[in-house]
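**Student:** For reference, the chains in residue letters:
Number of protein chains: 2
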Amino acid sequence: MYYGCSWFTMKIGFIGFGEVSYRLSKIFFENGFDVLTSVEGRSIKTRGFVNSIDYIELLSTFEEVAKESDILISANSPHSALGIALRYGSLTNGVYLDFNNISPDTSKQIANFLGDDHFVDSVIMGKVKSKELNIYLSGKLANKVESFIMDNLDSGVDSKINTVVISENIGDVSALKILRSSYTKGVSALLIETFESAKKLGLEDELWNILDLTENKPFRESATSRINNSYKSSKRKYEELEEVLEFLDSFSDKKEKLMSIATRDKFKYLKNRDFDN
Amino acid sequence: MYYGCSWFTMKIGFIGFGEVSYRLSKIFFENGFDVLTSVEGRSIKTRGFVNSIDYIELLSTFEEVAKESDILISANSPHSALGIALRYGSLTNGVYLDFNNISPDTSKQIANFLGDDHFVDSVIMGKVKSKELNIYLSGKLANKVESFIMDNLDSGVDSKINTVVISENIGDVSALKILRSSYTKGVSALLIETFESAKKLGLEDELWNILDLTENKPFRESATSRINNSYKSSKRKYEELEEVLEFLDSFSDKKEKLMSIATRDKFKYLKNRDFDN
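Going down the list, the sequences are from chains C and Y.
The first sequence: position 7 = 6 (numbering that gives the first Met the number 0), numbered continuously.
The second sequence: position 159 = 158 (numbering that gives the first Met the number 0), numbered continuously.
Treat each hint with caution, since some may be false.
Claimed, not checked - Chain C residues, not near chain Y, derived (Cβ > 12 angstroms throughout):
| # | residue |
| --- | --- |
| 1 | E39 |
| 2 | R41 |
| 3 | Y54 |
| 4 | E67 |
| 5 | F112 |
| 6 | G125 |
| 7 | M149 |
| 8 | I160 |
| 9 | D211 |
| 10 | A222 |
| 11 | E242 |
| 12 | L269 |
Stated by the list, open to error - As a list, the in silico DSS-like pairs of lysine-lysine whose alpha-carbon atoms are at most 25 angstroms apart:
| # | chain 1 | residue 1 | chain 2 | residue 2 |
| --- | --- | --- | --- | --- |
| 13 | C | K267 | C | K254 |
| 14 | Y | K128 | C | K234 |
| 15 | Y | K231 | C | K254 |
Derived from the structure by calculation, the hints contain no laboratory data.
Because the structure is a prediction, the values reported are computed rather than measured.
The beta carbon of each residue, even a glycine, is placed where N, CA and C say it ideally should be.
Using the sequences plus the hints, can you model the full thing?
**Tutor:** Given below as structure tokens:
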């Protein structure tokens, strides 16, 4: 067990201690923070795991963790998020951050309860596993949390923590997370649909090679040109999608071309909207 | 005007001479091929343009161009493709290539008429503007066309021509083109939808920055992990999309979230299909 020099060192407390808390605590510890948690009421397995981590300061209850922490982090599961926030969020004098992948709606409920003096809307962008942790913040105290973290960082270590303040509005960071999620999951669905069609035609490898040739451009550059292009020629793109669907018709049922149908409908909407303006 | 040494040099003929033909003819000429066309029946403007290109060999009719060419290329517009193929494709002793962005169906109609002794399914992947031209070929004569081009290339020049033979089947290359088109236009539609939502929330720049952070990975690596991930957790992804839609509901009408609705439906289908198996 590690007893940090708590008089000078900033304290990050964790309610719950799974994979995400473990990774976060490690990065924060390496960067010079004290990390606290408790095993109150936890399974023997979790106790064993937490006890094996030598840098963690263990308190007897989560209530104490909440009271001692400058930043209190909840990283459990989306459905336990609200309960934990209501129970422990109000006990801390520090700032409460929720990393449970919650909806903007849940985020707002927590904010309504804790007030924006104790709650900051926060999201980890990208993987927690990597050596670089990107934390996005919005809310009245977002700047304070950023200084709190950045002023105390140890620049000599391998793992980096970056913070980005988006705005003073609770909900902005959650909204960005959900827009990103909507886009990336849309791409996933498109990939699955396209490659399932290619597989049926025995052209899977060939399609990988072709997309590898044309899709490896810098994101922003290719995305901007796609957006401009689509606005400029939504009618032609709509017609091309009609052809795509005619082609897919011969070997796919409706569920197998949902994304292509939506793409056609989207361009139909865009071309008509442009026509109306 | 340029009179090539036609006894030794392979001849590429063009029916029609717009932007694409111009770029193709330039690259082929730089690589040591003779390039032929005609201005028969063309506008004064087109005549002036073609006459100004000093490396082009001009014949008096397109019929002669067809008869003289080892490879006859039609690059005009999708709707004129079939007519040109029927009229000139049958006159050539060489191979007829159609670069008119036609549907697999039109491609098959041309193949039925010309037979696979004179027709090769062919597509230019990527932009014609670049210094590198990628031509994909399928059909019985695909290998012959590849050797014809590759054996005659001048390796000492800047602009490169690459050929890729996909298979012996007419239609495979057109199918690849349309699958690629379906995927890339789906991404375009997703981008537009996502950034229109971000704009409404005043978070456009912030979303660009976030996606720039996470979307700049090599295509194949990120696409493969997305596909595997989506199959593994289609139920969770379906639930997350339900949350996305709940969020979008508050400020979007149906047309503004078509892609997200389709993504949700796709994951619903995938999770149920996995359940059935």
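**Student:** Give me the numbers of the hints this structure contradicts, sorted from smallest to largest.
**Tutor:** 6, 9, 10, 11, 12
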